[in-house]
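Going down the list, the protein sequences come from chains D and F.
First residue of the first sequence: 4, per the working numbering; consecutive thereafter.
First residue of the second sequence: 126, per the working numbering; consecutive thereafter.
Since the hints were made in silico from the structure, they are not lab data.
Check each hint, because a few of them may be wrong.
Claimed, not checked - Taking lysine-lysine and the BS3-like style, the derived pairs with C-alpha atoms no more than 30 Å apart in a straight line are:
1) F:Lys143 / D:Lys15
2) F:Lys175 / F:Lys200
3) D:Lys11 / F:Lys409
4) D:Lys92 / D:Lys15
5) F:Lys207 / D:Lys11
6) F:Lys434 / F:Lys376
7) F:Lys142 / F:Lys175
8) D:Lys15 / F:Lys251
9) F:Lys434 / D:Lys11
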Amino acid sequence: MANGKNQKYYDKPIRILIAKPGIDGHDRGVYVLARAFRDAGMEVIYPGLLPTPESIIETAIDEDVDVIAISLLNGAHMAVFTKVMNLLKEKKANGIAVVGGGIIPDEDKSKLEKMGVTGNYGPGTSLNIIIEHIKKRAYGAREEKWGKSKKTK
Amino acid sequence: MGKEQKNEIGRVISGIKKGDRQSISRAITIAESAPEMFASLIKPLYNPKKEARVIGIVGPPGCGKSSLIAMIAPKLTAMGNKLGVIAIDASSPFTGGSFLGNRIRMQDSLSNNKIFMRSMASRGAKGGLAAAVMNAILVLSSAGYDYIIVEPVGSGQADVDILDIASTIVLVLAPGLGDEIQAAKAGLMEIGNIFVINKVDLPGADKAERDIRYFISTGPAEKRQQNIVKTSTVSREGIDELAQAIIEHEKSVDKNEFIKYRFYMETLRIATEIFSEHIDHLKKERPKWLETSLSEATDPYSAAEKIIKRIESDEKL
Ligand code: B12
Ligand SMILES: Nc1nc2c(ncn2[C@@H]2O[C@H](COP(=O)(O)OP(=O)(O)OP(=O)(O)O)[C@@H](O)[C@H]2O)c(=O)[nH]1
Ligand SMILES: [Mg+2]
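Chain F on its own, in the form it takes in the complex (with noise of 0.2 Å):
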């Protein structure tokens, strides 16, 4: 790191310290775009008894649920609780761009209550989130959040990362998306705490709900019981209902053990990227000492274990 970043890092360390909203955005596009500075940058900020409660918001596309998640934040921060969104949309594979839209259905309501709002690019990443989403949870949990609402890129399929990082998960379902509901139920039905079945204004509403009913029926014991919310964002329709059973369940969660889980989980990624860094760095350099055991070594098995030896010992790669 050179001088100008450390810089920059201290300036943003000692900005977080006092709820400076621009430093903290700029450590979440750090975690973004810069994530080799990272570890300097949370390491002092860190605090296990501040993580945020994280509430994921998932369903099909178009399904509504910016929409909700305009209505319910407001509802969250007057109860009290400091309240952030990061909301994920979908990179192009061919150009790396994207349109990151989340805001139009979110802008005024989080505006006006002054909710910090973050948009961002999944990047390449699989499984409906952004690589950097965990690190902006770690930012805003230290910022003094109490809540983080995640919207992953809108999804029928079983993208269920947001399991890693989020205590309460409300799939959200809506007329007209048979299919999608169809398709849904391979993964996305068993990672929900909370259904809900929006646009209730619309017609069809019905056949949703006795389509999930249905499912719920044929799943496993302990979730047959399961509550249906129906909202509509238009009659405003179960919003509070809704804003309730996301309390409700967050106060069945145990929450020092979903931590310890996330935190398990949070490891196991970063220790994955800092080893993959490594390899990476292999593949582009090829080191003399990696050429030598290559052709000492009796098989690759043997070789790959070397390798994994000079991580460990902290040696120069």
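Just chain D, same shape as in the assembly (with noise of 0.2 Å):
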């Protein structure tokens, strides 16, 4: 809404749920962000290993997050990530972005850009370049529910 009324709802914390499908042992980066997301301000929901894109989403959906932040090191990203955006549009769930993570090569990038998994970042990037992008999306989910914001316009 552009007279800012919502202006309150949108400097509430974002919610992010980090999904880390149970197929992936490499758990230790979504800890680092899990730290990092909570001290950025952020309410991190963090189930533990999510067995299945299933689980992910009806996670995402009792919780209302506006981001899932989904990591895969193992090679799986493109069968999972593409499963999930699926799920996604299958419940019909709006205003929920997807962010992604992990050893994700180049050339499937701009695959899962398209389907909507954004981000994708690997070792080495600098965490506030991940939580700058975590908060774009997470306003840009709010759009989706509420409107334009004053700050967005």
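Since each chain sits alone in its own frame, please combine them into the complex, following the hints.
Pasting the structure below:
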């Protein structure tokens, strides 16, 4: 809303689900991220390893997060991220952005972007860049729910 | 409220009537993050007959509240109840951020049983809950939930806000938390309807039990007979017994009386909120009429009375 009446809502902490599919045991990165997101003022939902794409989507819906941050280092990202995006559409879940990361070869990044999975940051990315990207996507998700905010207009 | 918000509220209301999961959780987001829209959302949905029973699981950090909920929840749903879980973690007073980790112990159990679960950050609320917990209970009640389990922020202190919302309070303690048990005596121990010693698979359980028995024996007469349930989420000992104790206690509660009490407390909470919003507005805006009243006032009490009259008469503040 252009009148800024819902501005208060945009200023509330971002809710983010850290989704680590259980098929991948590389979980150091998500702990680093969880901490960084919390210190950046976000409400970080960490449910442990999530066994299936279905459980990722169900959890994201119950928690009504602004962003799902999904991490894969084992090479299964194309299959898993695609499944997650399809389920999100199937459930008609609006206002939830998906950001990816882990070991993701450059040639896959544009395909993922096209599906709506953005970011796709790998080892060595500065946490500031990641956090700024998450914020941008979270505000986008809020606009989808509530219309434009004063800030982003 | 703008047009987009009105549309979204309309969508959420009809979604909840149809039992749509995302609408339920979106309504809780509104309670949490856009409370000024919540009244128009809940008014058409509220029905006193649908008020859910609320079970509070309280106790010091790490005593096993979440692990116990993971095991009890499926037992309550197996009895045909529609169940939701709300678990609260503290927000950082410095960054406002929060690590909501209660799901770690509950995820598999709740997900396998399709139980609704919402993690909430305290966002500065004192007393172990979050400001939106009560409104989240109204949402889940309206959506047809029979039971709601609430896990407040882990605390050994007398965070007793849970008393206003839960008709059964389970106090969980565990061996090795000696100091916490000492601290809990001050407040938490008085509010428990059911005492649990969890982690009885660990050494020290007997000592914890003796401590609690001793404490009970010095407490109010009506509580001296109180049962202590011994549980372990590792060996699964005592889990059935605990579920049973919760059901039994709920049977002993006069639900109508309790709902009336909760309604009363809720009404006062809302009135306080509306009132303090008005006051916040005055703090920020310093409207002309107030400046005038102040210059006319003979003392601050008379000036404050004018403000209250103005709020009552619904004149523009
Ligand atoms: C440590 C490690 C392990 C540890 C993991 C311990 C643990 N609990 O995490 C152990 C030894 C168990 C392990 C096992 C395996 N590993 Co290994 N492992 C690594 C290694 C060396 C470092 C990973 C790490 O912890 N980095 C530190 C953390 C902090 O960084 P990070 O995870 O990359 O996360 C950062 C960024 O990537 C980004 N990020 C990550 N996720 C997300 C998500 C979002 C949304 C965003 C925005 C950002 C983001 O932000 C994070 C913080 O900066 C990497 C190589 C490498 N250099 O990455 C290989 C690597 C990931 N492993 C690999 C492999 C193959 C395996 C194994 C299959 C077999 C093996 N060769 O050992 C097993 C399988 C394990 C399993 N069950 O899944 C390969 C994967 C190859 C591929 N994808 O094609 C790698 C790349 C090594 C290689 N070059 O071959 N591994
Ligand atoms: N040995 C043993 N460990 C247990 C038992 N129940 C829980 N735990 C462990 O105790 C730790 C804390 O359990 P939680 O269920 O997260 O406890 P909590 O009270 O919800 O904790 P907070 O939400 O952080 O206050 C975990 O490591 C559990 O695995 C039990 O019966 N026996
Ligand atoms: Mg817990």
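Here is what the structure says about each hint:
1. Between F:Lys143 and D:Lys15 the CA atoms are separated by roughly 28 Å; this keeps the pair inside 30 Å, and the hint holds.
2. Simply put, F:Lys175 and F:Lys200 have alpha-carbon atoms about 21 Å apart, close enough for the 30 Å limit, and the pair holds.
3. Using a Cα cut-off of 30 Å, the hinted pair D:Lys11 and F:Lys409 holds, with the two alpha carbons roughly 15 Å apart.
4. Under the criterion of a C-alpha separation no larger than 30 Å, the hint pairing D:Lys92 with D:Lys15 is consistent with the structure, at around 26 Å.
5. Restraint check for F:Lys207 and D:Lys11: the C-alpha separation of about 33 Å exceeds 30 Å, so the hint is violated.
6. Restraint check for F:Lys434 and F:Lys376: not satisfied, since their Cα atoms lie roughly 45 Å apart, outside the 30 Å limit.
7. Our distance criterion of 30 Å between C-alpha atoms is met by F:Lys142 and F:Lys175, whose separation comes to about 13 Å.
8. Between the alpha carbons of D:Lys15 and F:Lys251 the distance comes to roughly 18 Å, so the proposed pair stays at or under 30 Å and holds.
9. Between F:Lys434 and D:Lys11 the alpha-carbon distance is near 28 Å, which keeps this suggested pair within the 30 Å criterion.
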